[in-house]
Amino acid sequence: MADKYRVVGAVRETLRAELEHDEEVVLYGEDVGRAGGVFRATEGLLDDFPDRVFDTPVAEAGIVGAGAGLAATGLRPVAEIQFQSFIYQGFHQLAQHVARMRSRTRGTLTLPMTIRTPYGGGIHALELHSESYEAGFSHVPGLTVVVPSTPAETSGLLRSAIRHPDPVVFLEPTRLYRSVREEVPEDHEIPLGESRIAEPGEDVTVVAWGSMLQRTLDVADDIDASVEVVDPRTIHPLDTETITDSVKKTGRCVVVHEAPRTAGMAGEITARINEDAFLYLEAPVERVTGYDVPVPFFAREDDYVPDEERIAEGIRKTVEF
Amino acid sequence: MPRETVAEFSVESVQALSEDGEIDEDLAPSLSDDQLLELYELMKRSRRLDERAISLQRRGELGTYAPAIGQEAAQVGSAFAMADDDWIVPSFRESAALLTRGTDPHRILWYALGMEEGAEIPDGANAFPPSIPVGSQPLHAAGIGWGEGIQDRPNVAVTYFGDGATSEGDVYEAFNFAGVYDAQTVFVCQNNRYAISTRLADQTAAETLAQKAIAAGIDGVRVDGNDVLGVYRVVQEALKRAREGEPMLVETLTYRRSMHTTSDDPSAYRDAEEEEEWEARDPIVRFQVYLEENGILDQERKEEVEQRVESEISEAIERAKEGAADVDGADMFRYVYDEMPPYLEGQLQEFEG
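Residue numbers (my numbering), protein chains in the order written: chain Y, 36 to 356; chain E, 52 to 404.
Just chain Y, with the same shape it has in the complex (with noise of 0.2 Å):
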C-alpha cells in the first residue's frame, strides 16, 4: 500500500528505492549527507547507504563537473544544489558540457545524471533563493528540465529522471515541499517529456506547472468558466500535442509561471501554439507571469509571484475576451 507523504518526503523517499534499486546511484552535494539537506530531502540516506552518498565541498561547477566524470564512469550521479540560484555557478559546466556531451560525440559519450534544486518562490527565504530559470536551462540544447507539482507526481517524475539516458535539472518547487501530504505509489515512472490534464475543462486551457499549479487549481475551482488545466510537468522538451489538442478545444489559453515573462516558457508555449493551432484560437494566449525585474527580497516577494487574483484576472480577461 502507498503511504502519504509531502513532496520533501517523496523526494526522500524515490532517493532512497532508488539507492537500493540500482547500485550504480550515487547522492551527493552540500550538506546532503549528515545534515540530510537543508530541506531534510536526504536525511537519514547516508546512514543507510554511506558509501554512495557524499557530502560536498562548497562548489558548484564542482558538483556538476565531477557528474560528468562519475556518469562517464558507469555510475548514475544524483547531484543536489542547495538552491537554484547558486546553479549559476555550475551553470558553465552543464551548457559547455553536460548538456552537449551526446551530441558532440555523436552518442559514443553520454552522461546520464540528474541535478535536483530547490526551485522557486514563497517561503520567504533570502534572496536568491526564489528564482525560477526553467526558461534559461530549456534554452540549452541537451538538457531536459522537470518540474513536479505534487507528492505523487514528484515521485514518479524524480525516479524516471534518475533513470533517464540524459542529464535531468530536476526543479523542486520550495513552497510545495511542506504543503499537502498524498498517497505516493512505489516504483512509480512517470514518463519524461508527457504533459497531463490536471482537470479537465472546456472554456479554456490554462497552462501551469511547479507551485503556480495547485494556485491555478484553486483558482479554477472558484471561478465562473470550465477550465482545462495542462501540467507540462517536462518543460524541455515540451510535448506540446497535449497542449495544442486542449487548445482546439477551448479556443483559449492562458499561460501561467513564477518566472519573469521576457523570453519566458509562456512566449515559447504562445508561438508554438500560433504554429499548431491558431485558427483555432477565439482570443490572444495571455500569459501571468513573475514582473521583469530581479525577483525581490521577500518582504515584496507576494508582489512579485502570480497569486489567485492576478491568474484569476488573466482567465477572466481571456474568456470574456
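Just to be clear, a hint being listed does not mean it is correct.
[To be verified] Simulated restraints, written as ranges between beta carbons of each label pair:
(1) Y:55 to E:401: 38 to 48 Å
(2) Y:127 to E:327: 55 to 65 Å
(3) Y:57 to E:353: 52 to 62 Å
(4) Y:329 to E:106: 47 to 57 Å
(5) E:76 to Y:92: 38 to 48 Å
(6) E:403 to Y:86: 45 to 55 Å
(7) Y:86 to E:398: 41 to 51 Å
(8) Y:57 to E:205: 15 to 25 Å
(9) Y:283 to E:385: 45 to 55 Å
(10) Y:283 to E:398: 18 to 28 Å
[Said to hold, decoys possible] Only some residues are given here: those of chain Y computed to face chain E with a beta carbon under 8 Å:
(11) 94
(12) 108
(13) 200
Honestly, the hints are just simulated from the structure, not real lab data.
For every residue, glycine included, the Cβ atom is placed at its ideal position computed from N, Cα and C.
On the provided structure of chain Y, position chain E as indicated by the hints.
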C-alpha cells in the same frame, strides 16, 4: 607560543635528461630500447602532424588548429606512462598525447575540420573529447578518478591543461574535489609559458604552478617538460600514487614553440630571440641526441622513422578529406537526446525540406 609556523611546503623539480642530452642514471626510467624508439617516433609523428596541419590550414583546407609543437615530450612522456584502461581528459592542444593513446591522426584532423566525428570516443576507449573551455575539464577527471575509486577499479584519469587554466576557479575546485575524495587522478599542467599572448608573470604571482595543488591538500611536482624521460618518470610515479587514491599535480615546464592556434601571430607579443632560444631546447632534438649518443638511434633508423611518419600522416590527411566529403547535415539532430523529441523531428523534416 603566540606565533609559530604551522605548515611548511616545498616543491620538487625533476630533470632526467639534461639539455645537452646527458642522462641522470638515478632518474632514468627503465625503458627498453624499443620503447625509447617508440617514444621518439611518437614525438616525430606528432610534430609532423602539427606541421602538416598548419600548412593545410594555410591553404584553406583545415579549420583552426592548435599545434603542440615544442610540447611533445610533456605529452608523449606522460601519456606513455598510462595503463590501457586509464582515462585521458584532454584540452584542445593534445595531438601528441592523443597519438600516444592510439588515436588515429585522421580523427584529430576531423576535429579541426569542424566535424563531430573527430570528437567521437572510439569503442572501448576511456576518454573524453577535447575540451575547448579553458580549465573546465580537470573537474571531469576529478569526477572520473572519484568514480573509479567508488567502484573499486584501478583506473586513473589523466587530464591535460595549460598554465592559463590554473587561473580558472574550476581547476582549483578539481584539485579540491580530488583531495577530498582521494580521487585516482593525475593533473598534468603543461606550463608552456603563454596563454595566447599572456605571459606567465602576468597570469599568476605564484612561483610555480605545482604549488597551486598544495593549498588543496594534494602534492604538486615540477618536471622539465622538454625532457621526455623525466616526464615519463614523474608521471609514472604519480600514476602509481593515484591508483592508491593519492591524486597529484605534475607541472611540466615547457614552451609553446608555435602559435596558440593558426589564428594567432606570436610575433605580436614575443620576440624572435626568445623563440630561437627555445628552438635550441627543442624536446625532440634533446632526446635524439641522447638516443644517438647511446647507440639506440642511427641514421638509417632515423630515415626509416621519418619515412613512416610521413606516409602515415599523408594517409591520415587523405582519410580525413574523404570523411569530410561525407558530412551529413541532418546528423546534427540525431544525437541531441537519446530519443528525438517531436519538435526536433519537426525541425529535421523542415531541414530536409
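Going down the list of hints, with the structure as the test:
1. Y:55 to E:401: 38 to 48 Å: At roughly 45 Å between Cβ atoms, residue 401 (chain E) and residue 55 (chain Y) fall inside 38 to 48 Å, so the hint holds.
2. Y:127 to E:327: 55 to 65 Å: 39 Å, violated
3. Y:57 to E:353: 52 to 62 Å: 55 Å, holds
4. Y:329 to E:106: 47 to 57 Å: About 53 Å separates the Cβ atoms of residue 329 (chain Y) and residue 106 (chain E), which means 47 to 57 Å holds.
5. E:76 to Y:92: 38 to 48 Å: 43 Å Cβ-Cβ, so the 38 to 48 Å window holds.
6. E:403 to Y:86: 45 to 55 Å: Given a distance of about 49 Å, which is inside 45 to 55 Å, the answer is holds.
7. Y:86 to E:398: 41 to 51 Å: For residue 86 (chain Y) and residue 398 (chain E) the Cβ distance comes to about 44 Å; the hint holds.
8. Y:57 to E:205: 15 to 25 Å: 23 Å, holds
9. Y:283 to E:385: 45 to 55 Å: 31 Å, violated
10. Y:283 to E:398: 18 to 28 Å: 22 Å, holds
11. 94: Nearest chain E Cβ about 4 Å off; hint holds.
12. 108: Constraint on residue 108 (chain Y) satisfied, holds at 3 Å.
13. 200: This hint holds: residue 200 (chain Y) lies near chain E, its Cβ roughly 4 Å from the closest one there, short of 8 Å.
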